[in-house]
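Student: Chain by chain, the residues run as shown.
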Amino acid sequence: MTITAEFTTNPPVSGPSAIAAFERDYAEKRRSARISWAVGTILFFAAFCLTAWLGDFFKVTQVTMPDGSREWRWIIPAGLPRLGEYIVQTFPDLHWETLGADLANWFWRWQTWLRLLIETILIAFMATTFGVIGGFTLAFPASRNLAPNRWILWITRRYLEIARTVPELVWALIFVFCFSVGPMAGVMAIGLHATGALGKLYSEAIENIDMRPLEGVKAAGGNWFDQIRYGAVPQVLPNVISYTLLRFEINVRSSSIIGYVGAGGLGQEIRTAMSFQEYTDLSALFIIIFVTVVIIDYGSEKLRHRVIGLGDRE
Amino acid sequence: MNRHELTLQNLTRRFGSVAAVDQVSLTILPGQFVGVIGRSGAGKSTLLRLINRLIDPSEGQVSFGERTITSLRGKALREWRRDCAMIFQQFNLVERLDVLTNVLVGRLADHSFVNSMAMRFSDAERTMAIEALDRLDMAPKALQRAGTLSGGQQQRVAIARALVQNPRIMLADEPIASLDPGNATRVMEALKSINREDGLTVLVNLHTLDTARAYCDRVIAMRDGRVMFDGTAPQLTDEVVRDIYGSEGLEEFNEAVTSTSIRHREKVPA
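Sequence lines, in order, name chains A and B. 1 is the number of the first residue of the first sequence in the numbering used here; add one for each residue after it. 1 is the number of the first residue of the second sequence in the numbering used here; add one for each residue after it.
Be a bit skeptical, because a hint or two may be false.
Stated by the list, open to error - Below are the DSBU-like pairs computed for lysine-lysine, each with C-alpha atoms no more than 35 Å apart in a straight line:
id, chain 1, residue 1, chain 2, residue 2
1, B, 75, B, 141
2, B, 192, B, 75
3, A, 200, B, 75
4, A, 200, A, 302
5, B, 141, A, 302
6, B, 141, B, 192
Because the hints were derived from the structure by calculation, they are not lab data.
Construct the entire structure; sequences and hints are all you get.
Tutor: Laid out in structure tokens, this is it:
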């Protein structure tokens, strides 16, 4: 639907009739904008309700009441207390008088956990490195404004899509099958996923660059690589660094769970604790991961802001 | 045939059904300072881009001495672009790189892949770049980021980049259209001195008649992709100008309005 089609054809250039034509067109534009807005809202609400229904959000289930009778209840208020029960089970038994001993008891496997924590961070680091190498190399041919031809554009884009659409856990399962249990499978899984995600983000930054500097390099006799090295890279570098640090944060989170399928890191301990119902171990692991992620997020955010800040200080 | 003579034969470039450049044939002798004038959309910019091969012609041929420019490919094409330097209305510098590196971009056509990617330049090249900058009074800004310079300064850096290419021809696409009168004069003077001292052929697109009159040995006027006038500046009479710019829109051939030079401006009649 083109709105402009309904505008006054050949409006007069000036005078009261030109203003009248504007008033008419403006009212028409406002009207069609309101209609699109209303239709959009209804569609969104319908889709939301449908999804909630498919997801059992409206389900009514049987629950046992305190007096032992069975009653029908809406699932959400019925289920929420059970979340509380689970969390309470993970609380360790801490007493002020014996705090040191209790803490030592809570973090009883701290030596293994520390070793696995280091492994987790190293998996994220190496995977991010692979992701940057792959993503940065492929982002240029995958950008509409720089691709040498549409076949290369199509192939690199599809490759990046596949790499990021398949979840890390699925890649990890595949690589554990190929290369056996251990951190190598995790590095490859997260690295491949990061390649796809970073390649996409980088290429979007590249598609927004100013093409005039590249034309300047081309007019001076530079080839495709020269145009990218001198014209494009300096323009996208702050974005690239910022996205890379952000990806490292995300990769630390991923590598802390990826051990669940045997691909190295703390995840394997989470799995063990869950299967042996060692609830206090779970809370200890949660605290370790949480603190690590907060520290890394804080550090990389500081670094990212400095990088972006440098770019703005022109 | 002269070794450094630029010849255009029936050069045509169509965008869809519109011929932006239509059957243009010209011969430009070495050392000439040629101004190309015409209203917006007359095909001046397309003509320059065809010569530098930033775009390819639909028909016709460009040759430089014995070389047929329109059939060059790969390395030979990049060497032609090096020999035929181009400066732009928007300067087309890399704003996030320093001025010196921007000038050194003019040396890339002769660089190996590894040296180019590592941004490695020889001392001789750096010397060349600094000398070119000094010639345009820009040496003190060599280590500053190009984006921090004013428009006139950026255009002078762009000219320095063109100079280190050791070109035979200098093409300038509306080089002063985004500049204030003071900077416009400096840039035109720089082009003129390069033309006079180095004997470089200069082909410059202008939209102001007085600049064309003041600097050019030869003026070519275009309208709707065709050459309407080709002669010396004094031959550019009022009737010719009216012909080029058309009769509609009085402002267009009131030179005082479009002028970018510093001088007393008459009050424009309403």
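Student: The structure should be examined with respect to each hint, and the outcome stated for every one.
Tutor: Each hint tested on the structure:
1. Of the supplied pair hints, the one linking residue 75 of chain B and residue 141 of chain B holds, its CA atoms being roughly 32 Å apart against a limit of 35 Å.
2. With a CA separation close to 30 Å, the supplied pair residue 192 of chain B and residue 75 of chain B stays within the 35 Å bound.
3. Between the alpha carbons of residue 200 of chain A and residue 75 of chain B the distance comes to roughly 32 Å, so the proposed pair stays at or under 35 Å and holds.
4. With a C-alpha separation of about 24 Å, the suggested pairing of residue 200 of chain A with residue 302 of chain A holds against the 35 Å cut-off.
5. The suggested pairing of residue 141 of chain B with residue 302 of chain A holds, with an alpha-carbon distance near 32 Å, which does not exceed 35 Å.
6. As the CA atoms of residue 141 of chain B and residue 192 of chain B are separated by approximately 23 Å, the hinted pair is consistent with the 35 Å bound.
Of the numbered hints stated above, none is contradicted by the structure.
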